[in-house]
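Novice: What follows is the residue order along each chain.
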Amino acid sequence: MTDDDKSRHDFKNQLAIIRGFAEILIAEAAASDPRRHDLEEIHKAAVTALALLGRMYPQTEGHGDHPGR
Amino acid sequence: MAGTVNPAAQPIVILAVDDEPGVLALVRRCLDDERVTLFEASSGKDALAHFSKGPAPDLLITDMRMPEMEGDALARQIRTLDPDLRVLYLTSHADRLFEAKKQLWAEEAYLDKPFTREGLREAVALLLFGRMTL
Chain A
1 MTDDDKSRHD FKNQLAIIRG FAEILIAEAA ASDPRRHDLE EIHKAAVTAL ALLGRMYPQT
61 EGHGDHPGR
Chain B
1 MAGTVNPAAQ PIVILAVDDE PGVLALVRRC LDDERVTLFE ASSGKDALAH FSKGPAPDLL
61 ITDMRMPEME GDALARQIRT LDPDLRVLYL TSHADRLFEA KKQLWAEEAY LDKPFTREGL
121 REAVALLLFG RMTL
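Chains as they are written, first to last, in our numbering: chain A, 1 to 69; chain B, 1 to 134.
Do not rely on the hints blindly, as some may be mistaken.
To be verified - Below 25 Å or equal to it, Euclidean Cα-Cα: the simulated SDA-like pairs (lysine to any residue) are:
(1) LYS45/B to GLN14/A
(2) LYS45/B to LEU81/B
(3) LYS6/A to SER42/B
(4) LYS6/A to ALA25/B
Stated by the list, open to error - For each label pair, taking beta carbons as the anchor points, the in silico distance ranges come out as:
(5) ALA49/B to LYS44/A: 36 to 42 Å
(6) GLY54/B to ASP38/A: 42 to 48 Å
(7) PRO55/B to ALA31/A: 37 to 43 Å
(8) ASP4/A to GLU118/B: 29 to 35 Å
Source of the hints: derived by calculation from the structure; they are not laboratory data.
Glycine residues also receive a C-beta, built at the ideal position from the N, C-alpha and C atoms.
Based on the sequences and whatever the hints tell you, model everything.
Specialist: This is the structure in structure tokens:
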């Protein structure tokens with residue numbers, strides 16, 4: 001793994017962590033929770049950043065959120 | 001698949017391995033369930049040490065790309081001790097997994113990062129029970 005590969009891998013990991021926790025918190029937040037909109041913005045930004053990363057480095061793109069066999 | 005784990009057998013023991021603590025924290029949160037006993041390791045070496053001490057996991061969830069020992073090498077080593085171990089690879093790029101490993105075994109699957117809680121739980125349920133829900 002080159003240094004660039006490792007950096008991309010680590011960066012994608014961090015975005016995945018942000019997206020993952022934001023998604024869980026949104027799912028658990030009541031519809032009336034005033035923080036829900038903020039969480040949705042965090043989630044949206046993480047999703048957008050992951051998409052940008054995928055466009056910049058297509059080789060980092062995954063195959064979706066389904067287990068592969 | 002060489003037999004599935006009995007859903008009534010408790011607890012479900014899972015060993016999760018990733019060199020990124022945040023990913024382990026996310027896995028822990030996703031699998032927060034009274035039936036699940038989750039052990040965590042930050043490297044292949046830590047995972048092997050855990051495996052030698054027990055309890056034996058029903059499922060190994062491992063990052064594919066880790067320093068010193070990659071996920072497929074870890075799974076291969078543990079499989080010499082427990083051939084029926086189920087393995088879920090977490091990978092940022094499945095093609096790289098298949099560069100290292102031409103074919104997955106029957107008790108293996110992979111899940112792309114980033115994953116959702118539902119995606120991870122579904123993958124675990126499929127590997128352990130052959131069904132979609134944990």
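Novice: Does each hint hold? Answer for all of them.
Specialist: Right, here's what the structure says about each hint:
At roughly 23 Å between alpha-carbon atoms, LYS45/B and GLN14/A fall within 25 Å of each other, so this suggested pair holds. The suggested pairing of LYS45/B with LEU81/B holds, with an alpha-carbon distance near 15 Å, which does not exceed 25 Å. About 17 Å separates the Cα atoms of LYS6/A and SER42/B, which keeps this hinted pair within 25 Å; it holds. Between the alpha carbons of LYS6/A and ALA25/B the distance comes to roughly 20 Å, so the proposed pair stays at or under 25 Å and holds.
A C-beta distance of roughly 41 Å is found between ALA49/B and LYS44/A, which places it inside the suggested range of 36 to 42 Å. Between GLY54/B and ASP38/A, the C-beta spacing of about 43 Å keeps the proposed range 42 to 48 Å intact. Here the CB-CB span from PRO55/B to ALA31/A is close to 41 Å, well matched to the stated 37 to 43 Å. Between ASP4/A and GLU118/B, the C-beta spacing of about 32 Å keeps the proposed range 29 to 35 Å intact.
Hint compliance for this structure: every hint is met.
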